[in-house]
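> Chain by chain, the residues run as shown.
There are 4 protein chains.
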Amino acid sequence: MKALVYHGPGKKAWEEVPDPQIQQPTDVIVRVDTTTICGTDLHILKGDVPAVAEGRILGHEGVGTVTEIGPAVSTIEVGDRVLISCICSCGSCSYCHQGLYAHCLADEGASGIGWILGHLIDGTQAEYVRVPFGDNSLYKLPAGVSDEAAVMLSDILPTGFEIGVRYGRVKPGDVVAVVGAGPVGLAAIMTASLYGAARIIALDLDANRLDKAKAFGATDAVNNGDEDWIDQVKAMTDGFGVDVAIEAVGIPETFDACTKIVRPGGSVANVGVHGAPVELAMQDLWIMDISITTGLVSTNTTPMLLKLVAQDKLAAASFATHRFTFEQVLDAYDTFGRAAETKALKVVIKR
Amino acid sequence: MKALVYHGPGKKAWEEVPDPQIQQPTDVIVRVDTTTICGTDLHILKGDVPAVAEGRILGHEGVGTVTEIGPAVSTIEVGDRVLISCICSCGSCSYCHQGLYAHCLADEGASGIGWILGHLIDGTQAEYVRVPFGDNSLYKLPAGVSDEAAVMLSDILPTGFEIGVRYGRVKPGDVVAVVGAGPVGLAAIMTASLYGAARIIALDLDANRLDKAKAFGATDAVNNGDEDWIDQVKAMTDGFGVDVAIEAVGIPETFDACTKIVRPGGSVANVGVHGAPVELAMQDLWIMDISITTGLVSTNTTPMLLKLVAQDKLAAASFATHRFTFEQVLDAYDTFGRAAETKALKVVIKR
Amino acid sequence: MKALVYHGPGKKAWEEVPDPQIQQPTDVIVRVDTTTICGTDLHILKGDVPAVAEGRILGHEGVGTVTEIGPAVSTIEVGDRVLISCICSCGSCSYCHQGLYAHCLADEGASGIGWILGHLIDGTQAEYVRVPFGDNSLYKLPAGVSDEAAVMLSDILPTGFEIGVRYGRVKPGDVVAVVGAGPVGLAAIMTASLYGAARIIALDLDANRLDKAKAFGATDAVNNGDEDWIDQVKAMTDGFGVDVAIEAVGIPETFDACTKIVRPGGSVANVGVHGAPVELAMQDLWIMDISITTGLVSTNTTPMLLKLVAQDKLAAASFATHRFTFEQVLDAYDTFGRAAETKALKVVIKR
Amino acid sequence: MKALVYHGPGKKAWEEVPDPQIQQPTDVIVRVDTTTICGTDLHILKGDVPAVAEGRILGHEGVGTVTEIGPAVSTIEVGDRVLISCICSCGSCSYCHQGLYAHCLADEGASGIGWILGHLIDGTQAEYVRVPFGDNSLYKLPAGVSDEAAVMLSDILPTGFEIGVRYGRVKPGDVVAVVGAGPVGLAAIMTASLYGAARIIALDLDANRLDKAKAFGATDAVNNGDEDWIDQVKAMTDGFGVDVAIEAVGIPETFDACTKIVRPGGSVANVGVHGAPVELAMQDLWIMDISITTGLVSTNTTPMLLKLVAQDKLAAASFATHRFTFEQVLDAYDTFGRAAETKALKVVIKR
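Read top to bottom, the protein sequences are chains A, B, C and D. Note that this note's numbering has the first sequence beginning at 407, numbered continuously upward. Note that this note's numbering has the second sequence beginning at 407, numbered continuously upward. Note that this note's numbering has the third sequence beginning at 407, numbered continuously upward. Note that this note's numbering has the fourth sequence beginning at 407, numbered continuously upward.
Hints listed in this document are in silico derivations from the structure and should not be mistaken for laboratory results. A hint or two may mislead.
A pair counts as met if it fits within one copy or between any two copies, since identical chains are not told apart.
Think about it this way: if two alpha-carbon atoms lie no more than 25 Å apart in a straight line, the pair counts; the simulated BS3-like pairs of lysine-lysine are [what the hints assert, rightly or not]:
| # | residue 1 | residue 2 |
| --- | --- | --- |
| 1 | 408 | 719 |
| 2 | 719 | 452 |
| 3 | 577 | 719 |
| 4 | 719 | 640 |
| 5 | 713 | 408 |
| 6 | 719 | 620 |
| 7 | 417 | 640 |
| 8 | 408 | 666 |
| 9 | 546 | 640 |
| 10 | 719 | 418 |
| 11 | 713 | 640 |
| 12 | 546 | 577 |
| 13 | 546 | 719 |
| 14 | 713 | 577 |
| 15 | 640 | 408 |
Quantities reported herein were computed from a predicted structural model and do not represent experimental measurements.
Turn these sequences into a full structure, and let the hints steer you where they fit.
So this is what it looks like as structure tokens:
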């Protein structure tokens with residue numbers, strides 16, 4: 407088959423590789439019909455994720471059709487149209503029993519489990535992919551859910567919802583601020599209304615992204631480069647700050663911004679991937695009754711989000727801004743890599 | 407002043423009565439600008455609520471302007487535009503500390519507290535009303551919220567939301583059935599989306615009300631007079647039944663209907679006012695991991711619902727179908743009393 | 407091997423049967439070291455559970471040693487000392503993902519899953535047993551946990567805790583009443599302190615069982631045959647009733663008793679297995695803000711309870727009142743069947 | 407009357423001052439029968455809390471007898487034996503409605519509300535004290551609760567429980583670490599078992615305090631000055647770290663220690679009062695699904711803790727190590743100020 411192979415920092419190729427094989431009785435082989443590219447794939451290509459070995463097929467998002475199942479697979483059948491979760495999990499360990507699939511304790515060879523596709527084992531930017539623990543790592547698609555909508559549930563929508571909205575404990579009537587209006591921030595904005603947020607404030611330095619945020623459900627937009635941005639945000643509340651501040655960038659400045667606008671009793675939910683420590687003003691925060699949360703998506707809300715998409719309650723497909731074929735995957739990377747310029751949110755790559 | 411006075415079963419009059427006076431340091435006098443009629447008022451007039459004495463001014467819903475405050479009132483001022491909650495509460499007893507204002511333990515004369523307006527003390531269908539414990543029983547109206555919208559938050563919207571949606575533990579992705587599409591059922595339907603319900607099924611015997619239900623947010627409608635109504639409902643789920651069934655009628659048949667369509671692990675939330683026992687099929691239900699809840703509204707979500715109305719996230723005013731002046735209050739009762747014919751949901755009565 | 411076989415109502419024998427075999431790749435064969443008898447086994451023997459076919463090996467509780475695993479078993483190894491849960495579950499279906507293992511949707515032949523051992527497939531009152539979905543249905547025993555303690559976690563302790571204490575939402579400071587001081591009622595009494603109950607009132611008609619209840623953690627005992635039993639209970643509260651009433655008998659009278667002593671805002675948790683409908687006084691209860699819950703144990707708290715036993719925080723072994731060998735299993739049944747006379751709580755049957 | 411008056415950094419005197427008077431209709435005057443000293447009082451005396459004006463009477467903990475009530479006080483009567491909470495609150499503002507009394511929005515003169523006693527208004531180290539909003543700020547003592555036990559509920563026990571145990575989301579079976587075994591840390595240790603903690607590990611640099619911790623309920627003790635202290639803690643878990651780490655010191659080192667021993671999915675609850683920022687290793691923590699919480703006690707659990715004391719379920723009085731009369735209050739300060747040497751936990755000062 408053909409697949410996108412990582413050959414060390416800065417190097418990738420769409421090339422012929424061996425077809426994947428069933429290795430464990432719980433494995434499933436999926437023919438990939440639709441995949442996409444994540445910001446993490448760009449980090450890997452820069453060499454920022456040393457655990458990714460040369461020769462690795464990239465990609466952890468996808469929708470496809472089951473072509474083969476291991477003898478212990480009980481809920482998935484050949485021919486099923488499935489969503490591939492970015493998280494693989496055994497379903498039987500203590501973390502899986504809590505629904506924290508990202509921290510699954512099962513062993514996949516010497517590799518560990520959780521986020522392994524396109525990381526520690528071969529991924530979804532390929533014609534076929536082996537998915538470990540298929541019963542727990544794949545979700546059958548309900549009728550009427552398009553590939554383009556479904557592929558947004560491999561990672562981005564559950565990430566915004568689980569790590570931003572749920573960990574942030576958004577509740578009806580809340581004022582929610584989302585700092586960073588990139589794809590994951592927009593996913594948090596889109597799903598904040600699932601818990602009845604009254605007001606959703608998008609914050610970003612880029613006016614175009616703030617416009618986009620409004621199309622995804624933000625009621626207000628603030629440029630956090632403005633000198634008085636904190637006052638602007640607080641004026642949209644009762645003066646005490648927002649109920650929930652969601653960090654969707656991953657740098658100290660935006661994390662700090664969240665702690666400055668959260669009200670006493672409120673929450674800061676960190677979604678961004680950080681590469682450096684942050685300074686936490688505990689001399690001010692100790693008295694504030696706030697919670698600060700972190701997390702990697704477990705995709706335990708994926709079946710629920712699929713129901714909402716099937717009922718037209720979640721416009722998942724609206725993240726798709728550009729479309730490519732598998733043969734055009736390098737063009738897709740180019741478009742996604744220049745997102746500021748191309749205004750790409752998610753690029754859809756189809757068979 | 408003028409007020410609507412109850413003179414025993416079947417008898418009422420819009421007549422001159424003495425103005426209300428401050429009796430306790432925590433009292434507030436409100437000039438009523440807008441009021442409405444509740445189904446409970448009709449029950450009182452039939453003589454079904456013997457606690458209501460002859461001579462009582464009826465009404466427990468209203469919006470008005472503060473004209474006088476007792477010396478211990480600290481958060482409300484003369485001139486404030488306020489929502490009058492159907493529940494009065496002291497804020498300091500053990501039930502108030504839990505937010506269960508309906509069960510407030512404070513004494514108001516010999517009368518008790520909670521639902522007392524238009525019941526144990528004079529009510530809101532009058533030019534002026536005395537509201538005990540004004541700091542806890544009144545809510546200042548945010549700018550931009552109309553009287554017509556606000557008066558729906560005195561009772562009906564918090565009832566549907568607190569006792570139906572919240573006690574029913576509606577969560578994102580749920581299939582919710584509401585049995586009975588009268589005003590309170592519609593309030594549950596309208597607010598179920600505050601917790602992200604995927605599908606909201608209205609059940610009623612009346613085709614007109616089912617149409618109305620769709621305008622209020624129901625995604626589906628089933629006539630529970632149909633022989634196969636249970637199958638129709640289950641076909642809208644994965645076959646196991648609904649996540650949440652909300653009873654909004656108050657008779658054994660509709661309560662029973664809820665227990666027949668709820669899935670294992672689901673919830674039945676009773677909102678209806680019952681006058682007789684129901685038979686509970688514990689031989690079938692003991693194994694089902696369900697919860698059944700009951701309750702009288704505490705209006706602890708009223709400030710939150712006001713925020714949603716102020717943000718145009720809740721179309722509260724759409725319950726208002728007919729409008730009258732205070733002088734036309736008997737016509738208003740007539741229209742509301744023949745709701746099946748007049749299609750009245752809530753009648754709005756203005757100064 | 408030898409096993410206790412059901413031969414129709416009233417008939418059972420300890421006899422030679424074929425050894426169990428691995429049938430599915432997820433199966434595990436366990437050599438049973440310790441088992442016990444449940445009240446349900448007595449019901450089966452009376453013919454009350456028609457789903458149990460003649461020839462079935464009884465028993466759904468046990469502790470043993472793994473002798474063989476299917477090729478898809480990943481967390482359990484030959485030689486592991488394991489607790490056999492009364493509930494088998496796949497870990498991958500929508501109910502398992504919620505932790506509602508009792509309602510597992512997986513198919514085990516034509517039989518369904520959940521409670522199947524000693525019911526729809528052969529059980530644990532045998533020298534060996536086949537356990538489906540071993541990764542999810544078995545729990546490795548921590549060092550220092552005795553067989554006698556562990557076997558109480560197959561069914562009885564998680565039942566009292568999950569269906570009584572947790573569904574009843576016991577919280578620190580609560581007054582909890584447990585109606586019925588048999589083994590399951592005692593399990594609720596013992597585990598109510600895990601959520602900090604201030605007062606635990608045992609109710610029973612039998613003075614001996616009330617004494618026993620105090621040894622298991624009840625702070626107070628009331629004979630609900632006394633004419634003024636309701637007043638006695640309410641006098642142990644602030645006069646409004648108990649926070650949580652746990653039904654642990656399974657008849658209309660005791661269910662009714664619970665609804666009579668619960669306070670406004672409280673909970674009734676039904677643990678008893680009912681064979682007939684109950685009458686629910688909704689004319690009184692609709693206004694009370696109570697929840698009534700039902701359920702079959704899912705054993706999702708078993709690993710947690712094992713941790714408490716390992717730390718000597720839960721005296722699980724104190725349920726064991728009589729001890730037998732496998733060859734004496736008929737005597738064990740006799741002793742357990744005459745519990746009122748023998749004062750048996752749980753009989754322990756060892757290899 | 408006589409009172410302990412602050413006269414600027416390092417200066418205090420037990421001297422004659424005017425008796426307190428009712429100022430607001432919601433005020434209550436309490437004759438102080440028992441009071442105690444808090445670590446915060448020592449900070450004030452050092453000059454670390456500039457908001458405390460010279461001439462202020464210190465103290466925010468106490469038990470006493472009501473001598474006078476304002477005309478709007480409805481639940482407290484003259485002669486009542488009451489616990490004085492360290493937090494005063496109006497009961498009617500949006501924060502009070504959430505139970506976050508520490509953030510009460512009411513105005514007390516120009517002073518604000520929440521923690522005001524012995525801070526912004528005169529406090530409890532006096533023969534009499536004026537308590538604003540008496541209905542919400544005082545708790546009637548149940549029969550059988552001694553002054554010495556009750557005074558520990560003014561601040562220390564609710565602080566450890568609300569900000570440590572509850573914000574840390576301790577649940578049955580958890581392994582809980584408490585870093586810092588001073589009075590507040592011991593309060594967290596004592597109350598962790600109200601949520602069924604399986605193992606409670608005390609960490610401190612002082613061997614004496616670790617011994618004390620065991621008397622208060624710690625199951626294990628680790629000296630976090632040991633080189634391998636992290637390994638020691640992790641060895642007491644399944645190797646992944648503790649479920650909940652409670653910070654009870656207030657310096658960067660101990661906060662950092664908590665983030666190093668918490669497991670994926672766990673909680674860090676900060677109770678300590680910090681004077682400087684901390685560095686948060688977000689490059690490691692972003693992926694860990696943890697929550698970090700902060701807070702000032704709201705004392706919303708005080709009535710519940712009183713119930714537990716009244717039932718002998720909480721040995722509150724065991725914090726009292728030294729006893730003094732009012733006339734000996736300067737000796738009491740001396741003893742408490744040299745706690746490392748005197749081994750004082752709480753000093754009790756009685757009329």
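> Run every hint past the structure and note whether it holds.
Hints versus structure:
no. : hint        : in the structure
1   : 408 <-> 719 : neither (36 Å within a copy, 49 Å between copies)
2   : 719 <-> 452 : neither (37 Å within a copy, 44 Å between copies)
3   : 577 <-> 719 : both (18 Å within a copy, 14 Å between copies)
4   : 719 <-> 640 : between (30 Å within a copy, 20 Å between copies)
5   : 713 <-> 408 : neither (33 Å within a copy, 49 Å between copies)
6   : 719 <-> 620 : both (17 Å within a copy, 15 Å between copies)
7   : 417 <-> 640 : neither (46 Å within a copy, 41 Å between copies)
8   : 408 <-> 666 : neither (49 Å within a copy, 44 Å between copies)
9   : 546 <-> 640 : between (44 Å within a copy, 20 Å between copies)
10  : 719 <-> 418 : neither (38 Å within a copy, 48 Å between copies)
11  : 713 <-> 640 : between (35 Å within a copy, 15 Å between copies)
12  : 546 <-> 577 : between (30 Å within a copy, 21 Å between copies)
13  : 546 <-> 719 : within (19 Å within a copy, 33 Å between copies)
14  : 713 <-> 577 : both (20 Å within a copy, 12 Å between copies)
15  : 640 <-> 408 : neither (52 Å within a copy, 44 Å between copies)
Violation of the numbered hints given earlier is confined to hints 1, 2, 5, 7, 8, 10, 15; the remaining hints are satisfied by the structure.
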